[in-house]
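S.K.: Listed below are the residues making up each chain.
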Amino acid sequence: MPEVVVSIGPHHPALKEPVNFKIIADGEKIVRLELDLSYNHRGVEKAAEQRDFIRVLPLLERVCGICSHSHSTAFAQGIEEIMQIEIPPRARYIRTIIAELERMHSHLLWLGVAAHLIGFNTLFMWTWRDREAVQDTVEEMSGNRVHYNMNEIGGVRCDLTPAQVNAALARLPNLEERVNKYVDMVNYEETMLLRFRGVGRLSKEEALRYGTVGPTARASGIDYDTRKDDPYLAYADAPWNVVTDTNGDVYGRTRVRVWEIQESLRIVRYCLENLPEGAIRVPAPKNAPKGEILSRYEAPRGELAHFIRTNGTDRVERVDIRTPTLANWTSVAMCLVNQNLADIPVIVAAIDPCLSCTSRITLVENQTKKAGVISFDELIRRYRSRNPEEV
Amino acid sequence: MTGPLTLESIAEKMKEFGVSEQARKNRIRVTTTPDKVHDTIRTVQAMFGFDRLITISAVDNTRTLELIYHLTGPHRIIVSIAVELERDQPAMPTIFDILPPAGIYERQIHDLFGIVFTGNPNMKRIMLNEDWPADEYPLRKDWKPDPDTFYGGIKGERS
Amino acid sequence: MTDPVFGLIYIFIFPGFLFLFIYALFFAFLDRKIASRMQQRVGPPFFQPFADFIKMLGKEVIDPAGVDRVIFDAAPLVALAAVMTAYLYVPIIGNSPLAFQGDLVVVLYLLSLPTLVLFLLGWLSRNIFSAIGGIRAITQLFIYEVPFFLALLTPALMAGTWSISEIVLWQQKNLWFVFLQPIGFIVALIGLQAKLERTPFDIPEAETEIVAGPWTELTGRRLAIMDLTIDVSLVVGSALVAALFLGGPLIPWAITPAWLEGIICFLLFLIKTLAVLLILSSIKVATGRIRIDQLNDIGWKYIASASLVQVGIVLVMNYLWVYA
Amino acid sequence: MAVTAAGLSQRLVNWARARSPWITVFNSGACNACDIEIIACLMPRFDVERFGILVKGSPRHADILIVTGHVTLKQASRLRRVWEQMPEPKYVIAMGACGASGGVFHGLYHMMDSVDKVIPIDVYVAGCPPRPDEIINAVVTCLNLLREDALHGGREWRKKAVPVTRTEEKTCGVIP
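Protein chains in written order, with my numbering: chain A, 1 to 391; chain B, 392 to 550; chain C, 551 to 874; chain D, 875 to 1050.
No lab work stands behind these hints, which were simulated from the structure alone.
As the structure is a computational prediction, the values presented were derived from the model and not from experiment.
Where a beta carbon is used, it is the ideal one built from N, C-alpha and C, also for glycine.
Take these hints with a grain of salt, some might be off.
Calculated pairs, DSS-like style, for lysine-lysine (alpha carbon to alpha carbon, straight line, at most 30 Å) [stated by the list, open to error]: (1) A:228 / B:404; (2) A:46 / D:991; (3) B:404 / A:286; (4) A:228 / A:204; (5) C:851 / A:29; (6) B:515 / B:535; (7) B:416 / B:404.
Just a sample of chain B residues kept apart from chain A, beta carbon distances all over 10 Å, derived [claimed, not checked]: (8) 397; (9) 398; (10) 404; (11) 406; (12) 409; (13) 413; (14) 418; (15) 442; (16) 451; (17) 455; (18) 476; (19) 477; (20) 484.
The task is simple: from the sequences and hints, build the whole structure.
M.R.: In C-alpha cells, the structure reads:
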C-alpha cells in the first residue's frame, strides 16, 4: 500500500486545541510524523514585560485554562522570592489546596478525555460528572470555575471561611469513593487495557534522555517531582508520596494519574484539616529589586519553570515560561513511530498536552528513531498543493 | 564521584570555565563565554550527572542577549550556565547533540530572538506563522510592530 | 400476496416503509436514550431523531471539489433502498407474505450493501479521512462478515431451510435457537454490532481519529439518508436476530380471531427487537473502541472459530437428533 | 402564513432546525478554558443533548460554529476555511472576552484581536470563560435568531435592526 499523508488538525475532534500533525502512514502504521504547534502563539511573554506585577498575574493565568493556578503561583512565588518576602502560612495552605484541587480536576479531565479518545464515552461522562464536584469546591472558594485568580504577590486574594472548609471536606468522601472506582476501572476494564497497554512505551533511559517531566516521567519509573525535590508551599508538611509506575506506556501514565488523584485528595484533606490561623497576605512592595530566579512548580502535567528577571521596576524584564508539555513533546515524537494510526490521539493525549501553554512547534523524526532530523518542507508543500481540504 | 555532591565541588570544577556563584540553597550559577558552553555542559554532565535540561532561557537586556541553560540531575541541584551574546548576528553552538530536548528550546529562541544555533539540523521557523517577516524577532526589546508590514492573518479582508 | 391492495398496504404503509421509518427513528431515539441514562444523563427528547432528519434534509448540500455528484447523490439512496428491501422479508406480523425459499441469503446480501456504499462514499469524497474510513469499513467487513454469516446460517442448517419464515416455523414447533445455539447467538450479536459500526466496532467512523470517516464530507440530504439507513439497518438486524434466534413473531398456539393473533405477533416483534436493541445498546455503552488490528485478531481468532465450532455442533446435532 | 404544502414544510424545517442544533467547536488559539467549559456542557450535569445539541467533529455536519478565543494570525485563514466548509444556514458564536475583543491579549503581536475580523458573528458570549449556563443560553439565543431569520426570510433584516433587548438576553447580544 502506498504511503498516505494524513493531516490532523488544526481543527479536529480529538484535539481540543489547535495543533497540526502531518502523519505519513503506511496503511495503519505510522512511518513518520510532523508536528506543528504554532497555531496558539500569542506572545504572552512579550505582554508580560509591558504590564506591572498586579496585571501580569491575570494574564499568566490565561496562558492556559486548565493549569491557570500553576502559572500564577509559579510567577508569584518567583517574585516573592526576589522581593524576599515570606507569605503567611495560611496563604501557603490555601494556595496548596487550590493547586491540588486543580491537579484533581485536571487529571479527572484527562482521564475522561483519554476515555473519549478510545470511544469509551461512559467513563468520559462519569469522570466529568465527578469533576464538577471539584469545580464546585473551587468555585465556592474563589468564585470562579476555571480562572481562579486566587494569587496575589504576597499572599492570596480571599480567605476560606469555616463553612467553605466544611463544605469542601464534606465533598471529599464521595470523591474518594469514585476515584477508587476509577482506579479499579483503569486496572481491570478490558477495552481500556487493550487500547492502553504497550502503546507508546518509553523505557526509563529514553524517558531520561528525552527529558520528560510529570506523569510521563513518573510512569517510566523516574521519581521526578518538584513537590518533593524542591518543596514549596505546604508540600513539605503534608503527608504524601511520589507515585511512580514501571510500565512506561499509556497504561502506566493512566495509572500514575489516577493514583495521583488519590494523593491529591490526601493533601487536600490534610491542608483543610490543618489550616493555620492568621493573615492571608503580607504587603508587598511595588517594585521588585534587581534579580533573577528560576521558579519551579509541579503543574498537573509536570514541572513548570518560570525564569524571571527583574530590573528594579514594577515590571519584569523577562519572564520565560517553560511548560511541561514542551518538555514532553520530544518524547511524544519518539513514541509515535511505528505505532498504529488509531493510537495517535491516545499517545499524544497521554502526556496531557496543553498546547496553549506550549504554542510552539517541535520536530519530526524518522524510522530510525534518530533524534529530531527534519525534512518536511517539501512534503508539506506537496501536500498542500494537492489537497488543501484539511478539516 | 564519591561522597555527597556539594556545591563547593561543582564550583571548584567550574573555575576553569568561568565565574560561579551560589544562587540559593541548591542552585549554582556559572557565567561563561559562548565557546565554552558546550564543554561546560559536557563536563557537568559527565562529572556530576547533570543529565536533564530544564530549559534554555533567553533574555534581552538591551545591551546584549543572554542565554541561560538550566540543568539538573538525580541529585536535584540546579546549575544555571549563563552566557552573553552580541545583538547583531548572534550565533551559538548548539547543544542538541548532547541533550536532545534542547532542540525545541533552541528553535523557539531562534524564532523569537534571532539567535542562530550553529549545528542544529532544524533551525526553521516554529513559533510564528508562515507569513511572518524573516528578520523580525518580536521578543527583542527594540522590536515594534511596523504598521505597513504584513504579519500574517487574512490579507486585505480585515473589516 | 394475492390481493394487490393488501400487498401495497403491506409494502408501503404497515408494516412497510412508513412504519419502518417511524420505528427506525424511534429505535435511534431509544438507543440514544438508553446510552444517556446509563451515562447518568437525561438524554434527548423522543422527537430528536426526527428533528435531526428533517433538519438535515433542509440543509445546504455541498459538493466537495472534484466529486462525482451523481454517484454521491445516488449511493446513499442505494443503501437505503437495499436495507428497506431487506426489511420486507423479515417477519413482522406473522410471516412475511413475500417470503420465498432462500430469502435469508437475500437479506444478508442486502444488509451488506450499506457498508459497501460507505466504502464508495469514503473513496469518492477525496478527503483523506474519508478514504481511511472507507478502507477501514471494508477491512472490517472482511473480518465480521464471515462469522456473522456463519452464525446466522446455523439456524438454517438445523431447520433445513433457507427461508426465514420456515426457520421461524421450525422454532415454533421445537425450541428457540437461542437455547439450542447460544454461541451462534452471541456471535450474531457481535457481528451485528460490527455491521452497524457501533462501539466497540465503530472503527470506520472513529470520531477522535478520523473525524467521521466516510461521513465527513456528507452534507444535507445525503447525510440524512445515510443516517436513516443506519437506523433502518438497526431495525432490520434486530428483527433478523429476533426471528432467527428468539422465535420471531410467532406464538406456539393458535388464537381464534386472526386479527388478534396478528396484534399479538406484532407485539412480540416489538418486544423481541427492543430486547435485542437493549443488549446492543448496553454493549455500546460499556465498552471502548478497539483498534482495527485488534479487531482483526479477535475476529479471526475467536469469533470466527466460535462460529465454526457452532457450525460443527449443529452438524453433530443434526446427525444425532434432528434427522435421526 | 397561508396553509400550503410549501409553507407547512418550511415550518416543519424551521421547527426541526430549532430542535437539532449541531455545533462544532473551533479553537482559534484560546487558552482551553472555553473549550473545557463547552465540554462541561455535554456532561451529565448540564447535558445539552436534551435540547438536541450534539457536538460534531466535521464542520460539514454542523449548524453552529463556536469559536473559542481570540484569533491568532496563523489560525485566521483556517478559521475562515472551516467556516466556508459549513453548509447554510450557519451561525457563529464567539466565546468569551477573547472572542469579542481579544480580552487580556488585546493588541499583542500575533493576534487578530477578535473573531469578527475574520468571519461574521451572530452571538457573543461574555465571560472569561463563560459558564456552561451562559453557553447554553447563547445557543438558545442563536436559535431565537434562527427563528427570526426564518420569519424575515434571511439575515439581511438584522443589518438595520436595533440590538435585541430582551431580559433573558442580557449576556448575549445580537449584532445590530
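S.K.: Confirm or reject each hint.
M.R.: These are the hints, each one checked on the structure:
1. A:228 / B:404: 28 Å, holds
2. A:46 / D:991: Given pair residue 46 (chain A), residue 991 (chain D) holds - Cα atoms ~23 Å apart, limit 30 Å.
3. B:404 / A:286: 40 Å, violated
4. A:228 / A:204: Answer holds: residue 228 (chain A) to residue 204 (chain A) is near 20 Å, not above 30 Å.
5. C:851 / A:29: 22 Å, holds
6. B:515 / B:535: Holds, because 22 Å separates the two Cα atoms, which is no more than 30 Å.
7. B:416 / B:404: 18 Å, holds
8. 397: Per Cβ check, residue 397 (chain B) is outside 10 Å of chain A; nearest 17 Å; holds.
9. 398: At about 15 Å from chain A, residue 398 (chain B) clears the 10 Å cut-off, so the statement holds.
10. 404: 21 Å, holds
11. 406: 22 Å, holds
12. 409: 17 Å, holds
13. 413: 14 Å, holds
14. 418: Its Cβ does come within 10 Å of chain A, the nearest being 7 Å, so this is violated.
15. 442: Incorrect as stated: the minimum Cβ-Cβ distance to chain A is 6 Å, not above 10 Å.
16. 451: Per Cβ check, residue 451 (chain B) is inside 10 Å of chain A; nearest 7 Å; violated.
17. 455: Its Cβ never comes within 10 Å of chain A, the nearest being 13 Å, so this holds.
18. 476: 15 Å, holds
19. 477: With a cut-off of 10 Å, residue 477 (chain B) remains clear of chain A, as the shortest Cβ separation is near 18 Å.
20. 484: 17 Å, holds
Comparing the model with each earlier hint shows violations of hints 3, 14, 15 and 16; every other hint is respected.
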